[in-house]
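Listed below are the residues making up each chain.
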Amino acid sequence: MSTRVPLLQGTLDLLILKILIFGEQHGQGIARAIQAESGEVLLVDHGSLYPALQRLEDRGWVKAQWGVSANNRKARFYTMTAAGRQQLHREASEWEKMTAAIGRVLAAQAKET
Amino acid sequence: MRSSQDFDDEIRAHIELETDRLIAEGVPPAEAAARARRTFGNETAVRERFNESQRWYWLSQLVRDFRFALRSMRNHPISAMAVVGTFALGIGATSAIVSVIDTVLLRPAPYPNGERLIAVAETRPVGAPGTTVASIKLEEWNRASKTIQGAAGYYTESQSDTTGALPETVIENWRGDAV
Chain A
7 MSTRVPLLQG
17 TLDLLILKIL
27 IFGEQHGQGI
37 ARAIQAESGE
47 VLLVDHGSLY
57 PALQRLEDRG
67 WVKAQWGVSA
77 NNRKARFYTM
87 TAAGRQQLHR
97 EASEWEKMTA
107 AIGRVLAAQA
117 KET
Chain B
184 MRSSQDFDDE
194 IRAHIELETD
204 RLIAEGVPPA
214 EAAARARRTF
224 GNETAVRERF
234 NESQRWYWLS
244 QLVRDFRFAL
254 RSMRNHPISA
264 MAVVGTFALG
274 IGATSAIVSV
284 IDTVLLRPAP
294 YPNGERLIAV
304 AETRPVGAPG
314 TTVASIKLEE
324 WNRASKTIQG
334 AAGYYTESQS
344 DTTGALPETV
354 IENWRGDAV
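Chain order of the listed sequences is A and B.
Residue 7 is where the first sequence starts when you use the numbering used here, and the numbers rise one by one after that.
Residue 184 is where the second sequence starts when you use the numbering used here, and the numbers rise one by one after that.
Only chain A is shown next, with the shape it has when bound in the complex (with noise of 0.2 Å):
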């Protein structure tokens, strides 16, 4: 198994945001997502997955409804609102801006004087 890295501090719901993006989806399957989409490198604890996911249910970015899963078992279902969905474009675009800028500074090389 390659090295996998935990995630990043206040990442979690834009990763939530953006799978929710393809459809509704329980939290197990949003977990494999991240992990599948993320090439098995990030490491969701799915524990965390739960809270973070009433949080954004709390602030009207998702909505959750019991339902059954493609093999018969009961879960509880999210899906985007449009206010999610600009909140995905919110954090999204800060995260490029934010990933650009350390990315710069990364990549600085010693200035000539």
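If you're looking for bench data, these hints aren't it; they were derived computationally from the structure.
In this text, a Cβ means the ideal position worked out from N, Cα and C, and glycines have one as well.
It is possible that part of the hints are untrue.
[Claimed, not checked] Partial list, derived from the structure: chain A residues whose beta carbon lies under 10 Å from chain B:
no.: 1; residue: Gly35
no.: 2; residue: Val50
no.: 3; residue: Trp72
Put chain B on the given structure of chain A with help from the hints.
What follows is chain B alone, placed relative to chain A:
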């Protein structure tokens, strides 16, 4: 409002789904359940975080603290009684003092325009006898003062009441009315 039961159901559903997935990947069932739990992490901590995020969490904490207080009082009745007694005396004394201050100092005297009543006295050099005002001065104050509308005074006199079997001292109260 979501119940913690609902939240627990969701956690259980997650573990079942993850176990199913691992079994489908070829993991032996006994190990699959254990691994699903392991990747979930600390279930109790997750439940606690959910409970603490609830809007009425403070209320349930308050109820719990209150119950704890009652329980401790039942277990230590003597110290509980001592504390209750201390509070009762303290509150009683304080409210008595406050009601005295209120009626004596804060409320206007119970007469029409009571808030306009003032007491006037003369002061004298230390050691000089008496603090009374000569009644003639009342007339003078009434005539000359622009600050007060009218001044009145009173004085008392001791008399002997000899109508009974034994003589008794009677304080007679005299009053001079405002003009």
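**Hint check against the structure, violated hint numbers in rising order** = none
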